[in-house]
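Participant: Here are the chains, one letter per residue:
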Amino acid sequence: MLKYIRRKLIHLIPITFAVTALSFFFVDMLPGDVADAIAGVGTDNSVIDEAAIEEIRKDLGLNRPVIVRYFSWLAGVFTGEFGKSYQTGQLVSEAIAIRLPVTLQLLIMAQFLAVLFAIPAGIITAYKAGKFTDKCITTITFAFLAAPSFIIAIILAFLFAVTLNWFPATGYIPFSEDPLGNLRSFTLPSLALALIEWPILSRVLRNDLIETLQQDYILMAKAKGLSNFYILMRHALRPSSFTLITVIGIQLGNLISGAVIVESIFALPGVGTLLVNSIHSREILMVQGIIVIMAIAYVIINLVVDILYGVLDPRVRE
Amino acid sequence: MTEQYLLDLQDVTVEYDYQGQHFAAVEGVSFGILKGETLGLVGESGCGKSSIGKSIIQLPPPTKGKILFEGKQLSNLSNRALQRMRHNMQIIFQDPVASLNPRRKVRNILSEPLIISGVKEKKQIEERVRFVLNAVNMNPDTTVDKRPHEFSGGQCQRICIARALILEPKFIVCDEPVSSLDVSIQAQILNLLEDLKRKHDLTLLFISHDLAVVKNISDRVAVMYLGKLCEIGASMEIYEKPLHPYTHGLIGSVPSILYENKKIRETELIGEIPSLMNPPSGCRFRTRCSRSEEKCENHEPDLREIRKGQFVACHFPLEY
Amino acid sequence: MAGLLLEVVSLVTSLATKSGKLNAVDEVSFKIDRGQSFGIVGESGSGKSVLSRTIIRVHAENRIVSTKGEIIFEGRNLLSLPEKEMRKIRGREIAMVFQNPMSSLNPVKKIGEQIVEVLIQKLGLSRTDSRYRAIELMNSMGIAESEKQLSNYPMNLSGGMRQRIAIAIAMAPEPKLLIADEPTTALDVTIQGQILNLLQEQTNKFNTAIILISHNLGVISRYTDRVAVMYSGQFVEESATAELMKNPMMPYTSALMRSVPDLTSPPHTKLRAIDGMPPSLLETPQGCRFQERCQGVRDKCFSEMPEIILNGGDHRYRCWYPLEN
Amino acid sequence: MTNITKFAQRLGNIPPLVNAIFTLWIPAVWISCLLAMVIFADLLPLYDPFESDFTALKVRGSPEFWLGTDVLGRDIFSRIIYGSRTSLTVGFFAPVCGMLIGLFLGIVSGYYRGRLESLVVGLIDIILAFPNIVLAMCILFFAGASIVNLIIVLSITSIPANTRIARASTLTYAKRDFVLAARAQGASHLRILWREILPNIILPQMAYILSFMSIIIMIEGSLAFLGVGVPPPTPTLGGMIAQGFPDINTDPHITFLPALFLFLTVLSLNLIGDQLRSRVAVRESAI
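Protein chains in written order, with this note's numbering: chain C, -8 to 309; chain S, 65 to 384; chain P, 257 to 581; chain G, 10 to 296.
Calculated directly from the structure, the hints in this document are not laboratory data.
Nothing false has been slipped in among the hints.
Below, a list of computed lysine-lysine pairs in the DSS-like style, where the Cα atoms sit at most 30 Å apart:
#	chain 1	residue 1	chain 2	residue 2
1	P	K526	S	K372
2	S	K136	S	K99
3	C	K119	P	K324
4	S	K234	G	K184
5	C	K122	P	K324
Isolated chain C (complex conformation) (with noise of 0.2 Å):
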């Protein structure tokens, strides 16, 4: 076991390097860098004046050749210390962390509520298998495949905050505040992020049970006279959840993707609604700096799912 978590920490550094290297590179090389950013290139009223944007230049370091700006920089992201907004002057280190909490208490609760849904209507639609009940959720499944992020929160937004009243529609309430209320904030998001996540857990575990309860094995336990429900649960259902694990880490990026959105509609402080307004002020630090910070968190959290998957399957340890 130790010796699988160390190759999968092994492999983990190439990947680190690249990741941090991309983010790095692919907003350093576009076109437009912060110099021209803080002398107004690009907005409409702009006087574009050659000395002033290489005298920032040089104040930034930014005639520094690209591969020793990087190491700096990478330096920098170690330390925590990606830099400052050139507009604010706030630290982009800082103003991430206090909104990381916003984003993290989303995710978190929406890939429950997601596991939450997914997990019985796997099993029962793959135990009912053709049956009507089958049937009814799969169908139920394949409309919110066809709904992207947007819209659900849309819709969700639409139904219990302004018709119905239930939640608040925008807000973000800390919890140290009032527990209960910030529940109450974080109920439509998160569900808005579950609801486009389930139906793909849900179908994958469907379809790995119904393969699965093909097996030789769960004959096997058949012919040991064995419960159907005790077969499904305790023979069926840890060998049925591989892909489900591998699903729930690939889906992560999706997951975050759908946390921006769903942050700027219900307003809620987050990483997300910090990373769209960065682009859209050219904040081209801060956009850097949340980058790096997801792919990282990303390939930290696809670590933890190897391990899992690891733990789980005795086969690949080996």
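Given chain C's structure and the hints, the job is docking chains S, P and G onto it.
Facilitator: Chains S, P and G in isolation, oriented as in the chain C frame:
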């Protein structure tokens, strides 16, 4: 002696890497096959018999040792020369369904070897395809435009044999060609192979785990255990008077149909086959051998000729 | 302890496949006594596996199954039992060993867990008791270091060892009937003997009757008391094993025996192959199902299906013109 | 005794609640009509999607404006058609490019294995590490939002899934004996890839393309909604939804009509894709 072998294996070793572990599936195996004979290669799973078959057709080539075909060392050949040499050596696999591409028609499957070897004329290709289909007792008119899934396992194996024959090879490796077939179909394929061998002057290496099948088709038989050759000799001799305790045990463990007048040799080999990753020292069979002594643990037995043409790798061969 | 254990009467099992409905088992009747060893031999697709799985009501085929006839086990018709009752019989009274021990053990559950769950659920033992019992069982199956093996996963064991575990699981509740569906086909020939001997020893010990299914005439001949030959979903011949091997009446049985190469005959003996292929179960011919491949076929074979009939003693066969020996 | 098998008797894709008329033909008709309208939009008697009628702001559906007008008094139906044009253009070219690249990477890495495979797998991991919408947002905003850029970005995001599918099926086929048999006949690797492997994996792969199209259309909508897609005044479905969102309690139709169109289009593509996949799967299992 060596010259008259059509195929000569000298000290062949085949190594693989599996999940970070390096091991030899075949270690230091030497034998030759005479022109026109059928050599049977028997052994249980993991003994390396299939690896030998594949190393002869250089897929992959052996990691150590030489394989000579008509006196030419195969691993020294350039790609182009090897390509030409492949006409002379073909292979038939165990699972006939898996060895035919499901998306291609029989006509395309059979003409593929001709096209690769540079035959361009359509008419000539068509003629050859019809000829080999007839040779394996299949009606060309009803078969050429079908795809493999429209045939039964036995028919698919006939198509595989036809494909192997189409380049008029001198030598065919038959890698468990009847193991996945039903007994009634198995006999048809075995008879077909015998026929073709006679008609087309073929030399066969017949790999199988089924001792009765091997005895029926082979002139000589080689027995392998855990990557090593234990015994080789004339088919009749090996089965009547095996020298190696493993050969003896193997033959004894085949359950045969009880007739009143037939004698049955009942022996049961104890224990399990050891792992190839970590083979026993000395003689590899010693962990399951009732005759094993200290010498077997420390010294690996060499292959030596005990009776004329019958070689055995054992310190204490059986006596008769 | 002799006496009738199982009686199958006119059993028909139909499967709905993509290309239509077919009778995988067609009008099969037989009896098994307590402690008897009953062999079923046949080629692939002859219906022997479907037959055995109908008895224990465990189907793998991903198709709709319907059954007719009677399966009377100790006086009760299994076919009319509700699933809940049937579950009590499965694994307790009737157990099963599958062909491939590589796939019949759950790859992500520890060996110990897979044995113990039967002991707990079927015999009502406590967790600690069942652990001891599991070790005992594994010892009697010839498994070395059984205590250590409990916490192993199936992938760490060889095929032979896995099949021993499967037998241990099947024999744990000392069932009255054990169904062994090609139990050694996936194993090496030297291991095959060990496993079959173990099965024989265990079933003798508890007077368990066994249905041994195999395509290998040698195995059937050596390990069974009675044997039935299946062809195209039907029993075509049934008798005491020694009698059948000596005096096959049905041309198919005889041809089957002759098409197998024999260890005692010299090399290059011409095999007597059976021409053609078994008929498709979707469109079985009128009359005898072996008609197309039979050497002694006559007009009547094409028009009328022969009934399976008794020949004086207890040798039954389905043929209009049986062989004379 | 008809339910001996209590367990799953049917494998495969989603069993439709209703029959093929609803799961295949109605979606197909929907997509065909939409496609026709989108292609011939310029010839149809539609309002100019850019022209505002300030006398008719935010009106509901009427004989004059079928689906009503938006905040700026532009005809919603006409804007939906022109907006779908953007969605479908991107939704067609991006998955096709992504599939071609993914197919190539998947086959090559699955067949040659070794270092090449680790490299491709690493590349996929790297692409996946950037959430697709976030990646697209950044590139589009800094490089400029145009249809071509949109297609490039979305092609990149659809490479990983395509590569995985192609690699997985190549791995299963490359192990089969017919590949070994081809090598024994002396076929070159290139010939084996082309004649033996590609024909086997291309069809299952193609069956996924409609599903990828629907995903890309959803992403395109999301980007437009966030205001980083094709810039206004070019109509886009996502942009229309975003524009109507502030007035959702008074004039929900401005938001929900384009949303409904987007939803139905994606749903239709998914349904047809699923049918296609299950048909290919049936053919596979027959082989």
